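Novice: Chain by chain, the residues run as shown.
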Amino acid sequence: DVVMTQTPVSLSLAIGQPASISCKSSQSLLGTSGKTFLNWILQRPGQSPKRLIYQVSKLYSEVPDRFSGSGSETEFTLKISRVEAEDLGVYYCWQGTHFPYTFGAGTKLELK
Amino acid sequence: EVQLQQSGPEVGRPGSSVKISCKASGYTFTDYVMNWVKQSPGQGLEWIGWIDPEYGSTDYAEKFKKKATLTADTSSSTAYIQLSSLTSEDTATYFCARVMDAWGQGASVTVSS
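Going down the list, the protein sequences come from chains A and B.
When we follow the numbering used here, the leftmost residue of the first sequence carries the number 1, and every step to the right adds one.
When we follow the numbering used here, the leftmost residue of the second sequence carries the number 113, and every step to the right adds one.
Simulated from the structure, these hints should not be mistaken for lab results.
Incorrect hints may have been included.
[Said to hold, decoys possible] In silico BS3-like links for lysine-lysine, alpha-carbon gap of 25 Å or less:
#, chain 1, residue 1, chain 2, residue 2
1, A, K24, B, K175
2, B, K131, B, K177
3, A, K112, A, K50
4, B, K131, B, K178
5, B, K177, B, K135
6, B, K135, A, K50
Predicted model, so just to flag it, every value in this text is computed and none were measured.
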């Protein structure tokens, strides 16, 4: 199975500060279709996960543009340009290139 | 609006089975596969498998092949997961997720004698 390694485990930031989360995969996530199925989701406290980014860098329509995703092959990054209160929760990367789909262990974003 | 409404909490005895439902609305049920994801208490996420409601075809992560059975009823736009031979390790919240872009609210399963 593809192992997804996220760092850091937790982030404590003040509102307005930038955030950066790393996600590394044990295998290349570039699929035979030429697409890279690396995605990000956010689970706010007590809620189910919500979609954020798909195929490395594509934001879902409802996601604020302070979020961005980048990377290729085995190294990926989620960035928040300026953290807002609604951004707290646990961020997970997950890959949909190889079966079984696998998730990172999560990065908890707390507000300072 | 896409909505996935899951059934309520379940309590099962060790060795028994439970079945959770996920009713879809706001889109054509047969147009998208439905995934199921497990979240153990205080833990991360594990992908269990998916079902294509149109054809009934399924795929499972290896560790869930003997644990979970995925089905779908197109007449009611509802997906199901049945968990069998329950042990304490099955105590978790189970999410349905349409191609992982829309998630149900989760259904908790507690295994207790």
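Novice: So which of those numbered hints doesn't the model satisfy?
Specialist: As far as the earlier hints go, not one is violated by this structure.
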